[in-house]
Amino acid sequence: MNTQELFGGAISTIVKNSFVVARYHFQQLADDNEAAETSLTHIDNVNVKDIAPHLPQDITEILVLQGTQKISKFNEKDAYNTVEIILAVVRLTNVSTDFVISVNAPVKLAAVSSEQESIQKVSAIDIETVKQENWELFG
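Read in this note's numbering, the sequence shown has 54 at position 54, and its numbers run on one by one without any break.
FYI, nobody ran anything at the bench for these hints, they're computed from the structure. All values reported here derive from a predicted model rather than from experimental measurement. Cβ coordinates follow ideal geometry from the N, Cα and C atoms, glycine included. Check before you lean on any hint, since a few could be wrong.
[As the list claims (entries may be wrong)] Ranges of calculated distance between the beta carbons of each label pair, as one might list FRET restraints:
#1 Phe138 / Ser39: 29 to 39 Å
#2 Glu37 / Asn134: 17 to 27 Å
#3 Phe138 / Ala10: 19 to 29 Å
#4 Gln27 / Glu128: 21 to 31 Å
#5 Glu76 / Asp31: 24 to 34 Å
#6 Val95 / Asp50: 19 to 29 Å
#7 Asn134 / Lys77: 14 to 24 Å
#8 Ala105 / Trp135: 13 to 23 Å
#9 Asp78 / Asn134: 14 to 24 Å
#10 Val21 / Pro53: 14 to 24 Å
#11 Glu133 / Lys77: 13 to 23 Å
#12 Ile59 / Tyr24: 31 to 41 Å
#13 Leu137 / Val21: 17 to 27 Å
#14 Asp58 / Val21: 17 to 27 Å
[What the hints assert, rightly or not] Distance condition first, Cα-Cα at most 25 Å in a straight line; then the derived DSS-like pairs of lysine-lysine:
#15 Lys108 / Lys77
#16 Lys108 / Lys49
#17 Lys131 / Lys70
#18 Lys73 / Lys49
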């Protein structure tokens, strides 16, 4: 955990390290996408039993983050699309490993974007089907 100052230090709060990790992955994705703008709208620690019943409950932590990014596709400089990002960080604490599942869903397209012809709807991340078959993967 770390302490985060808010409103110029007038208020402080303790932020769980896992939330910091989820924000890091969101920002890393924004950097990779060369996002012009980002907005984080929601982050939550979810019940592993409900969302990923095939993963060990005692060593798994799952965070789901939702936000938006303004990004251009294929370096279309004047065609910034607003893309909803749904990102799940699955922490396997016994092997000190995180894996990230992300879905990018365009919600507002620039008029000149090449994405206009190929828009697809994405509903959710299906973590329920994730199984860890071989723990030797982590050394």
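Hint by hint, which ones does the structure fall short of? 2, 3, 5, 7, 8, 9, 11, 12, 16, 17 and 18
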